[in-house]
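As they're listed, the protein sequences go chains A and B.
First residue of the first sequence: 1, per this note's numbering; consecutive thereafter.
First residue of the second sequence: 115, per this note's numbering; consecutive thereafter.
Treat the hints with care, since some could be wrong.
[Said to hold, decoys possible] Here chain B is said to cover these stretches of chain A; the calculated rule only asks that three of the stretch's residues, wherever they fall, bring their Cβ under 8 Å from a Cβ of chain B:
id: 1; stretch: 51 to 58
id: 2; stretch: 102 to 113
[As the list claims (entries may be wrong)] What follows is a set of in silico ranges between Cβ atoms, one per label pair, in the way DEER data are often shown:
id: 3; chain 1: A; residue 1: Gly-52; chain 2: B; residue 2: Leu-225; range: 31 to 39 Å
id: 4; chain 1: B; residue 1: Ala-131; chain 2: A; residue 2: Glu-102; range: 23 to 31 Å
id: 5; chain 1: A; residue 1: Leu-39; chain 2: B; residue 2: Glu-130; range: 43 to 51 Å
id: 6; chain 1: B; residue 1: Thr-223; chain 2: A; residue 2: Gly-28; range: 32 to 40 Å
id: 7; chain 1: B; residue 1: Thr-184; chain 2: A; residue 2: Ser-86; range: 35 to 43 Å
id: 8; chain 1: B; residue 1: Val-196; chain 2: A; residue 2: Glu-102; range: 26 to 34 Å
id: 9; chain 1: A; residue 1: Glu-75; chain 2: B; residue 2: Lys-166; range: 33 to 41 Å
id: 10; chain 1: B; residue 1: Leu-225; chain 2: A; residue 2: Pro-62; range: 42 to 50 Å
No lab work stands behind these hints: they were computed from the structure.
Beta carbons: idealized from backbone N, C-alpha and C, even for Gly.
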Amino acid sequence: EAGVTQSPTHLIKTRGQQATLRCSPISGHTSVYWYQQALGLGLQFLLWYDEGEERNRGNFPPRFSGRQFPNYSSELNVNALELEDSALYLCASSYLQGSYNEQFFGPGTRLTVL
Amino acid sequence: GNSVTQMEGPVTLSEEAFLTINCTYTATGYPSLFWYVQYPGEGLQLLLKATKADDKGSNKGFEATYRKETTSFHLEKGSVQVSDSAVYFCALSSGSARQLTFGSGTQLTVLP
Numbered sequence: 001e002a003g004v005t006q007s008p009t010h011l012i013k014t015r016g017q018q019a020t021l022r023c024s025p026i027s028g029h030t031s032v033y034w035y036q037q038a039l040g041l042g043l044q045f046l047l048w049y050d051e052g053e054e055r056n057r058g059n060f061p062p063r064f065s066g067r068q069f070p071n072y073s074s075e076l077n078v079n080a081l082e083l084e085d086s087a088l089y090l091c092a093s094s095y096l097q098g099s100y101n102e103q104f105f106g107p108g109t110r111l112t113v114l
Numbered sequence: 115g116n117s118v119t120q121m122e123g124p125v126t127l128s129e130e131a132f133l134t135i136n137c138t139y140t141a142t143g144y145p146s147l148f149w150y151v152q153y154p155g156e157g158l159q160l161l162l163k164a165t166k167a168d169d170k171g172s173n174k175g176f177e178a179t180y181r182k183e184t185t186s187f188h189l190e191k192g193s194v195q196v197s198d199s200a201v202y203f204c205a206l207s208s209g210s211a212r213q214l215t216f217g218s219g220t221q222l223t224v225l226p
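Between the sequences and the hints, there should be enough to build the whole structure, so can you do that?
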């Protein structure tokens, strides 16, 4: 069974540009989560999508946005890039069942903002 | 809100030493608890999990017991190997807030 995949592996942008990151969940998983892992800041929750809807977002400005497609894949968009957006962006997927929520992570996209 | 406090690193051990990484949490309701591991240059891998009080999660020689009375989920391994060198994250998921709340991570280095 294929795991969570993310593309691209690396992305280099300049300040003010827009970045688009993509994620394909494990087959059968309907939820996709995005996390930011910035140096020294640990792992912070960004966004959660389920069945095409945004269910929750973390404490990030509106220039961080995304969507989930009918095939459950997801896109994260970061507008007006700032230097501090440089980070590893991790996507995870899960299948909601009761109160148990095991998330499976992709390898991440390394975003560098120059 | 939810929070996870994790033992600060880095931790350096010799091969075959005993490992403990402390993790305590604050959560609403009855959280599920997880340990994830991140090897250099890679994403996160689920190491073990526990979904209710007194559950013991185990995998690859690692163990952690869900202690509701002390709100803890400490990670242990009896004999570490060089290949265990990685960053370890304690995390929880609680109630309708399905996202994971992570601790700050503990860098483990095992020397031969």
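So, going through the hints one by one against the coordinates:
1. 51 to 58: Satisfied; 3 residues make the cut.
2. 102 to 113: holds (count 7)
3. A:Gly-52 to B:Leu-225: 31 to 39 Å: At roughly 49 Å between Cβ atoms, B:Leu-225 and A:Gly-52 fall outside 31 to 39 Å, so the hint is violated.
4. B:Ala-131 to A:Glu-102: 23 to 31 Å: Taking Cβ atoms as reference, B:Ala-131 and A:Glu-102 lie about 30 Å apart, which means the hint holds.
5. A:Leu-39 to B:Glu-130: 43 to 51 Å: violated (32 Å)
6. B:Thr-223 to A:Gly-28: 32 to 40 Å: Holds, since B:Thr-223 and A:Gly-28 (Cβ atoms, about 37 Å apart) stay within the stated range.
7. B:Thr-184 to A:Ser-86: 35 to 43 Å: holds (38 Å)
8. B:Val-196 to A:Glu-102: 26 to 34 Å: About 28 Å separates the Cβ atoms of B:Val-196 and A:Glu-102, which means 26 to 34 Å holds.
9. A:Glu-75 to B:Lys-166: 33 to 41 Å: Hint holds: Cβ distance 36 Å, inside 33 to 41 Å.
10. B:Leu-225 to A:Pro-62: 42 to 50 Å: holds (47 Å)
When held up to the earlier numbered hints, the structure conflicts with 3, 5 and fits the remainder.
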